[in-house]
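Hints given; two lone chains; assemble the complex.
Note that the protein sequences, when read in sequence, are chains A and B.
Using the numbering used here, you'd call the opening residue of the first sequence number 1 and step up by one each time.
Using the numbering used here, you'd call the opening residue of the second sequence number 1 and step up by one each time.
Worth flagging that the hints you see were computed from the coordinates, not collected in a lab.
Please note that the accuracy of each hint is not assured.
[Claimed, not checked] Chain B side only, calculated, beta carbon under 8 Å to chain A, not exhaustive:
1) Glu51
2) Arg317
3) Ile318
4) His319
5) Thr321
6) Thr336
7) Arg338
8) Leu413
9) Ser418
10) Val556
Even for Gly, the Cβ is constructed at its ideal location relative to N, Cα and C.
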Amino acid sequence: MSTAQAVGISDRFFMRQSGKKPYGKIWVMLHVSNISKQFGAHQVLDDISLSVPDGSICALIGPNGSGKTTLTKIIAGLLQPTAGTVTIAGADIVRDPVTAKAQLGYIPDNPEAWGKMTGRELLHFVGALYGMTPAARAQRIEELLPIFALTDIADRDFEQYSRGNRQKFSILTALLHEPKLLLIDEPIVGLDPESVSILEQLLVDFAAKGGSVLITTHTLLVAEHIADRVGILAHGSLLAADTVDVVRAQAEKGPDASLSQVYHTIVGQSVAETAQSDQS
Amino acid sequence: MLTFLLQFQGRKITRLFAARSAGQLITSLLFVGLFVGLAVGFCWLLIAGLESVQVNEFLRIALPYFLYELFLLVLFGLVGVSALISGAFALFRQSSDMWFMASPRFQSVLVSKALQVGVFSLWPLVVIALPLLVAMQVVYDIGVWGMVIGMLAVVSMGVLTSVAALVWLLCLGYLSVAASRRMPRGDAFGIFLSSVVLTIVVAGLLVWLPLRDFDLYSLFAVRDFSITEAPTTYIASQFQYYLSHLAATAFYAVQTGAMVVAWQAVGWLVALAVGVTVLYSFLGRGFLHIWQLLQESHFVAASNSETKRPVSNQFSRIHSTWGALVRREILVFFRTPRDVFWLGFLLLLWLVITSFDVFLVENVARSSAAAESASQWIQAAQFLVITYFAAAIALRFAFPSFSIERDHVWVLLSSPMSLQRLFAAKALVYVGGIVALTLVVTMIHLWILPSTGVNAGWFVCFGLIASATVALVGLGIGARFPNFASDDPQQMSTSVPGLVFMLIVIGYSSLSAYALFSLLTTQNLLFAGAFAVGSLIMVWLVYTLVVQRLQQVEFVPITHS
Numbered sequence: 001m002s003t004a005q006a007v008g009i010s011d012r013f014f015m016r017q018s019g020k021k022p023y024g025k026i027w028v029m030l031h032v033s034n035i036s037k038q039f040g041a042h043q044v045l046d047d048i049s050l051s052v053p054d055g056s057i058c059a060l061i062g063p064n065g066s067g068k069t070t071l072t073k074i075i076a077g078l079l080q081p082t083a084g085t086v087t088i089a090g091a092d093i094v095r096d097p098v099t100a101k102a103q104l105g106y107i108p109d110n111p112e113a114w115g116k117m118t119g120r121e122l123l124h125f126v127g128a129l130y131g132m133t134p135a136a137r138a139q140r141i142e143e144l145l146p147i148f149a150l151t152d153i154a155d156r157d158f159e160q161y162s163r164g165n166r167q168k169f170s171i172l173t174a175l176l177h178e179p180k181l182l183l184i185d186e187p188i189v190g191l192d193p194e195s196v197s198i199l200e201q202l203l204v205d206f207a208a209k210g211g212s213v214l215i216t217t218h219t220l221l222v223a224e225h226i227a228d229r230v231g232i233l234a235h236g237s238l239l240a241a242d243t244v245d246v247v248r249a250q251a252e253k254g255p256d257a258s259l260s261q262v263y264h265t266i267v268g269q270s271v272a273e274t275a276q277s278d279q280s
Numbered sequence: 001m002l003t004f005l006l007q008f009q010g011r012k013i014t015r016l017f018a019a020r021s022a023g024q025l026i027t028s029l030l031f032v033g034l035f036v037g038l039a040v041g042f043c044w045l046l047i048a049g050l051e052s053v054q055v056n057e058f059l060r061i062a063l064p065y066f067l068y069e070l071f072l073l074v075l076f077g078l079v080g081v082s083a084l085i086s087g088a089f090a091l092f093r094q095s096s097d098m099w100f101m102a103s104p105r106f107q108s109v110l111v112s113k114a115l116q117v118g119v120f121s122l123w124p125l126v127v128i129a130l131p132l133l134v135a136m137q138v139v140y141d142i143g144v145w146g147m148v149i150g151m152l153a154v155v156s157m158g159v160l161t162s163v164a165a166l167v168w169l170l171c172l173g174y175l176s177v178a179a180s181r182r183m184p185r186g187d188a189f190g191i192f193l194s195s196v197v198l199t200i201v202v203a204g205l206l207v208w209l210p211l212r213d214f215d216l217y218s219l220f221a222v223r224d225f226s227i228t229e230a231p232t233t234y235i236a237s238q239f240q241y242y243l244s245h246l247a248a249t250a251f252y253a254v255q256t257g258a259m260v261v262a263w264q265a266v267g268w269l270v271a272l273a274v275g276v277t278v279l280y281s282f283l284g285r286g287f288l289h290i291w292q293l294l295q296e297s298h299f300v301a302a303s304n305s306e307t308k309r310p311v312s313n314q315f316s317r318i319h320s321t322w323g324a325l326v327r328r329e330i331l332v333f334f335r336t337p338r339d340v341f342w343l344g345f346l347l348l349l350w351l352v353i354t355s356f357d358v359f360l361v362e363n364v365a366r367s368s369a370a371a372e373s374a375s376q377w378i379q380a381a382q383f384l385v386i387t388y389f390a391a392a393i394a395l396r397f398a399f400p401s402f403s404i405e406r407d408h409v410w411v412l413l414s415s416p417m418s419l420q421r422l423f424a425a426k427a428l429v430y431v432g433g434i435v436a437l438t439l440v441v442t443m444i445h446l447w448i449l450p451s452t453g454v455n456a457g458w459f460v461c462f463g464l465i466a467s468a469t470v471a472l473v474g475l476g477i478g479a480r481f482p483n484f485a486s487d488d489p490q491q492m493s494t495s496v497p498g499l500v501f502m503l504i505v506i507g508y509s510s511l512s513a514y515a516l517f518s519l520l521t522t523q524n525l526l527f528a529g530a531f532a533v534g535s536l537i538m539v540w541l542v543y544t545l546v547v548q549r550l551q552q553v554e555f556v557p558i559t560h561s
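Just chain B, same shape as in the assembly (with noise of 0.2 Å):
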């Protein structure tokens, strides 16, 4: 079976890039070049910054390091946690999964859900990794052995923290069964589902309290004039207790050419990925039981059921078709559980790296000299984490929202109403609820760490300008290349045009937070002006290239009957 599963995914890749006529060959060409050349933009960047830190004597190693650490715990937390969430779902709720559990082979969908969680759904971060790589080889000269070894460490560590993850929701699921048993209305799936919350909601604070007390003063050891350059050892044991400090560890081994040390970090990565592994196949023993108890729900074949929803008057004041759509839009978010969880842990993350504030508040009040441009850098790094949370989010719900109409879009394209519409009433829903949520965060940032009045106004200017122009450029790419291979909206987030989509944001955000930088250092609005017109273009190319052009897109999966 994962033979035939392997096979079957290579297919799948086979057919993406098989173009059958000039005008595809020549979209997947321009496709394929401008992710080539956003991919090297980003290369770029991360050698200039990597050279800029290489020309600082004290710090050119540990705080690469720190660098190292800090990155790979957020981007593994953010793996892990994601593979708890769409895990939860893929595991036990995918329709498409009756055919397999109804066969003899019933034992293969875990195979699947591992290949699909835990081993294809991580090619984005090879895409991330590779540049940096690059880019390493280019300031450190690392060779190919560095390289290699760097991207097993990513892939190894993206391996065990999904597959970790999974062996985590089975135990959750065995719990959740016997719980059940012993509550008289126990819902196995909710009780079930209310783990997996608790479980991210302390997984979040084990990270966030330690981090929380950080010290960067005596972390790179500012104080201690009896060295030249700073030492690892105190952001090595801060570190210590998480699994990506092995990733980080390889990764610092490769950049300081102890070669032994990175294959000894790589090598441990590998056995503990082998190691959950054989665990989820051990515990995978009982999943069609725990799989059939799950299942069970409300469910109306005839007309006497005791479960219903008060009458609802959900749509009885509705008088527009705009109103309609756009109550629709909303009513379904907030009755999803996996969207409402999906946007809680999000807007957690979101929430848990603006409060950094605190702690970069104190180390920098103790040095009152540098506090003024510290502060401006500051702000310019909380734009960046604005524009990637906008992002995020524009990328989770914004960016599938047509293509997950797949099954009912029948309803509205089968009725008196033009696409245009429909984009503008998503419009309305994302772009309005993405900038909502931004204005919030950046008043938390600004009563965190008060700024100038002309200041405070620039940076909220500029993270609601950014978030808006963000969503948008999401639901347009999203609308424009729609995607029915599969039913779940975090699947279709790591498509490619997703992570163009992302590509795309990466190079936007960081020339604007070089021109809030800019702008508020020495107040010239020349950076305020370019930064007003590249937003703007980027709406008028959504404009004139999707919402257009939508009638030309056809929104109905095809079928040859």
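Only chain A is shown next, with the shape it has when bound in the complex (with noise of 0.2 Å):
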């Protein structure tokens, strides 16, 4: 529940104020309405709607090539939709995207910066990006710093970080200006076990804090340990995006059964479905 519902403020009145859409009862931070994405003739993304509201981890997955990386870069305005409409904290990334980005927090799948540029300057550097004053960023980054043990080598070249660092730093950029939404394109790629614990304990606490998260991921067991609500990518479509007992519920799973288990059964009804619709 969200400060605004808890004081019993009215529906209108916080939308004014903070820019949110209310979604059901819940205040929700990321909503995605119908967006499609074509590259030339190529469908990548059709008609997908999905929210995060507030103090919610929200776990995207599907097999490689169904479209969950476009649909981050769409959110986080990397790329342009064919059609449809995405709003972080009210505000629409197309139309106000200097607002709806001020809200959020983006670590890619591939967590590349200038080479020659120091892990600690390029935190410096994003902080600048978002407005942050140099005293308060170099507060922010000595507090950062410490999460992954990143402050020996802080002041080295970002190319001759492992593929593990990398990732590290890119997690630190993305929470330095302490965003409302997290958006994360496969999170734990190069971390070791230690790291792993770590980002899900402090994506943990993120929300628990009232932030939202989207992470698109294959790692079905970090999935399964953090988030609680869930979409199912496939071939471009979104065959089921919903809090996780939802969604076991569609699959006809019982409470027990595991995320894979949903997965697999989803994916495979949508296969078979497909190739049925092929054949007729």
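Set out below in structure tokens:
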């Protein structure tokens, strides 16, 4: 429950103040509405709609080539949708990108940055892009670096870092300006087991404080550990998107069924339906 | 593997021209139309130039020959140095080669680099040579075989120069690895890069020193009143030690109809090209070994490495997004050795050509009657040099500056910052930098070849406005047509949009040089006005066609996942 609901402020007043939209009885940080994306003649995403409420972690899972990265790039404002809208805290990512992006922390699937900048310089640079003052940046960087024990290597060139350390710095860039929404494309690639645990806890704490998280991943175990909502994407279509319990019910599985079983059932049904429609 | 690489390049070209929609087809056709139009314009200029020389009985043979020698020497000098710099990084520091080098067919990297540096990047040369050969056909009637010989000369000279540069890089690679073993903390790649820089400096001096002492009066035997036509023997003797002399000989022989001599010169070029290719193949046998050693660098997988920069205060006083973008652009540029080498090389060349003024001053001073008009000619010519180098620097740095953001563009585009602001920051850095360099060079020129106050003022104004316009157009075209197919800025520069940019520059700078010359000789302000309006139109076009539409450009490589 958000602060606004707790103190009983009306929907209309809260929407005016925060720019967010109500979704049922929950406040929605991210609202993806009827998003489609075509690259030339190739339809990568087809009419995708989903929402991530405040304090929620939503895991978007799907096979390779299903459109997960394209969707996250559209939400992050890196690609333009062919149709549909994305709003972050009520701000449209296409019409009002500056307001929308100010609420967002994005961690890409490939955490590359300028090789000749140090990790600390990268963090300062990103902080400046988000309008943080030099003092606020310096203080926040000193708070963040110890999370993944990066203080000792913060003044080395980015090109010298291993894949895992690059990933850790990209996580810190997303957390630097204290966003309301974290958008993470494959969060644990290259991370050691200790860092995976730290990241999982970090995301759970972030959501507990009212933040929203959308992660796309192939690692179902991570999704199962931390996500309270799940979306299953295949061939550019969203096959399911709701709380984990509702999606389990959609797959006709019991409460003890693993996310892997749910995923394979729903994707399997989709493949069978596609084959059937192709035959007919 | 060679077949595969050739087929791959062929498919790339096919894909480029495979239009998928009516809009793309129209855009492609407009692009081709613009390209053809500019090439025709360039050809027309060449025809006019050659015809004006043709009417001078005394110089009609010797002057074109001198220009072939000089032009081809400078052109292939540029090709050679370009191959040295891009080849140094392409051979030993291209991350995409890891797959090749880990496979049993790692030797194929050598073939790939020879194609990349020595063949596929030479196509702009062919595009420049074609209008020249057409112009020669119109003026001298050189025939089909003359055009074939001319094209063969350009292509074989280009291959020879590029592959010879790769051979030299392999030699330097072997020497650097050997030297690093004898030094206690020897960094093989550092030694390698230093030796490449030394090579460029020495090669530059070898070309520049003899040219500096040229005496045009002796070269064309102007004082010999017994002859009615300037001889070519003095010119040939001055250039005979340069490899480009063979190509110039072929062009000259084609012009005069001496086809046997032309075939002989081309034969030599082809034989030499084959020779260096065999040598390249021979030296490449130990490529894997030196490649491995030249990869070694500082790498931090754990947090206990010893090498680090001092705690940076580069961004600690930056308050605004704007300031951060500008600082980042400058910081990354000056920390990237390849970019600094390129800028250093282009600047060196620019200063060398500007200091040709010294040689011109001596030749002009001998004829006081012609001194004033010659000085105006030289200023117009130096203005062309300024726009050329401003364009070359813009093409190498400003043009690919959006495309090279490929892998880290997520940092910029996911932040609350508009693309217009990014464009403005890049414009400030690149346009400002190029204008500052232009100011220095124009001052050097005026110091060597003083001019009257008003004329000097016009020269500086024209130079600054033209270099700013050219830099902005280069940045704009690069932003409108980003290229994510390569991470090599040199390769991006030789793309179709890069060539269109250079053709636009040729048209703009030719008209501007004419306006400057007319202004200097007649003091008619109409020419200054036309130049200012033309420049403003180009800036307005960049603003309306690029800056206002930046939000529609997707600066992210497409992934279907």
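Taking the hints in turn, this is what the structure says about them:
A hinted interface residue such as B:Glu51 counts as satisfied when its beta carbon comes closer than 8 Å to some beta carbon of chain A; here the least separation is about 48 Å, so the hint is violated. The beta carbon of B:Arg317 is positioned within 8 Å of a beta carbon in chain A (closest approach about 6 Å), and the interface hint is therefore held. Nearest Cβ of chain A to the Cβ of B:Ile318: about 5 Å, under the 8 Å cut. The hint holds. Among the interface hints, the one on B:His319 holds; its C-beta lies about 7 Å from the nearest C-beta in chain A, closer than the 8 Å criterion.
Interface hint at B:Thr321: satisfied, since its Cβ lies 5 Å from the closest Cβ of chain A, which is below the 8 Å cut-off. For B:Thr336, the interface hint holds, since its Cβ comes within 8 Å of a Cβ in chain A; the closest pair sits about 6 Å apart. Evaluation of the B:Arg338 hint against chain A yields a violated restraint, the C-beta minimum of about 11 Å exceeding 8 Å. For B:Leu413, the shortest C-beta to C-beta distance to chain A is roughly 5 Å, which falls under 8 Å, so the interface hint holds.
Taken as an interface hint, B:Ser418 checks out: its beta carbon lies about 7 Å from the nearest beta carbon of chain A, inside 8 Å. Hint on B:Val556 holds. Least Cβ distance to chain A is approximately 5 Å, under the 8 Å limit.
Violated hints, listed in ascending order, are 1, 7; each of the other numbered hints is respected by the structure.
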